[in-house]
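Each residue of the sequence shown is one higher than the one before, starting from 1 at the first, in the numbering used here.
Treat the hints as calculated values from the structure; they're not laboratory data. Among these hints, one or two may not hold up.
As the list claims (entries may be wrong) - Quick list of simulated restraints, FRET-style, between CB atoms: (1) H101 to R204: 27 to 37 Å; (2) P104 to L206: 40 to 50 Å; (3) D165 to C123: 20 to 30 Å; (4) L205 to A73: 36 to 46 Å; (5) Q74 to A133: 36 to 46 Å; (6) A21 to P126: 31 to 41 Å; (7) A48 to L206: 26 to 36 Å.
C-beta: ideal position from N, C-alpha, C; glycine also.
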Amino acid sequence: MTLPDILVAVQPTLPYRGLLAELCRVSARVYRSGLSRGTSGNISVRTAEGMLITPSGLALDEVAENNVCHVDAQGQTIDGWQTRLPFKPSSEWVIHQALYHARPDCHAVIHAHSVHATLLAACHQPINRHIIAESAYHLGTVPLVPYTMPGSHALANEVAHAATDANCLLLANHGVLVLGEDLREAFYRLELLETIAEMVYKARLLEQQHGFDMEDLKPQWLGREEVAAIQALK
Numbered sequence: 001m002t003l004p005d006i007l008v009a010v011q012p013t014l015p016y017r018g019l020l021a022e023l024c025r026v027s028a029r030v031y032r033s034g035l036s037r038g039t040s041g042n043i044s045v046r047t048a049e050g051m052l053i054t055p056s057g058l059a060l061d062e063v064a065e066n067n068v069c070h071v072d073a074q075g076q077t078i079d080g081w082q083t084r085l086p087f088k089p090s091s092e093w094v095i096h097q098a099l100y101h102a103r104p105d106c107h108a109v110i111h112a113h114s115v116h117a118t119l120l121a122a123c124h125q126p127i128n129r130h131i132i133a134e135s136a137y138h139l140g141t142v143p144l145v146p147y148t149m150p151g152s153h154a155l156a157n158e159v160a161h162a163a164t165d166a167n168c169l170l171l172a173n174h175g176v177l178v179l180g181e182d183l184r185e186a187f188y189r190l191e192l193l194e195t196i197a198e199m200v201y202k203a204r205l206l207e208q209q210h211g212f213d214m215e216d217l218k219p220q221w222l223g224r225e226e227v228a229a230i231q232a233l234k
């Protein structure tokens with residue numbers, strides 16, 4: 001399908017065509033990495049008018065340039081985009097919109113049901129201590145958001161509040177949300193979050209979780225700039 005010629009760049013080096021292709025690539029990668037199965041999960045990227053978001057009812061590895069939806073802040077399809085095709089935006093678009101409104105620095109959102117992170121969320125077990133320095137540096141605080149109906153405005157309000165100072169969220173009895181400056185960063189955060197969640201799960205099985213708090217990261221372990229960056233994530 002030919003995209004409208006009027007499309008303009010949203011980010012300095014990546015026009016909508018590039019965003020569309022990247023969204024399809026990341027969607028397939030999330031699915032093939034086992035981070036979301038079946039038709040679960042949804043991914044979006046911010047645009048000047050709203051967002052590009054994966055469609056409802058398709059597996060993430062089925063996302064293609066001719067079924068991605070372009071919607072405005074009210075969830076309405078923007079003129080000229082797939083208006084005659086039977087694809088609707090993910091029912092959880094309102095969650096993505098709330099995050100973009102709350103976090104102007106966020107340009108990409110991934111919602112997934114990765115096994116270990118979702119398991120911890122379903123058991124209401126937060127990732128409240130870091131067991132490796134990498135998680136403190138790249139993930140920061142990971143709040144557990146209380147269960148609220150998926151796709152609801154109530155959940156949108158909850159996640160927007162929780163994401164004020166967090167880039168990764170566990171959604172009780174639901175899944176996970178990760179934010180990024182772009183799709184690449186969001187994907188890597190999702191991948192690392194699932195890895196850390198698996199470590200935490202297995203450590204709790206062993207009843208051995210010798211984690212540390214942010215204050216435990218001393219300058220002699222990391223460079224001063226790295227420590228400052230970690231502390232800024234709090």
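Hint numbers not upheld by this structure, sorted from lowest to highest | 7
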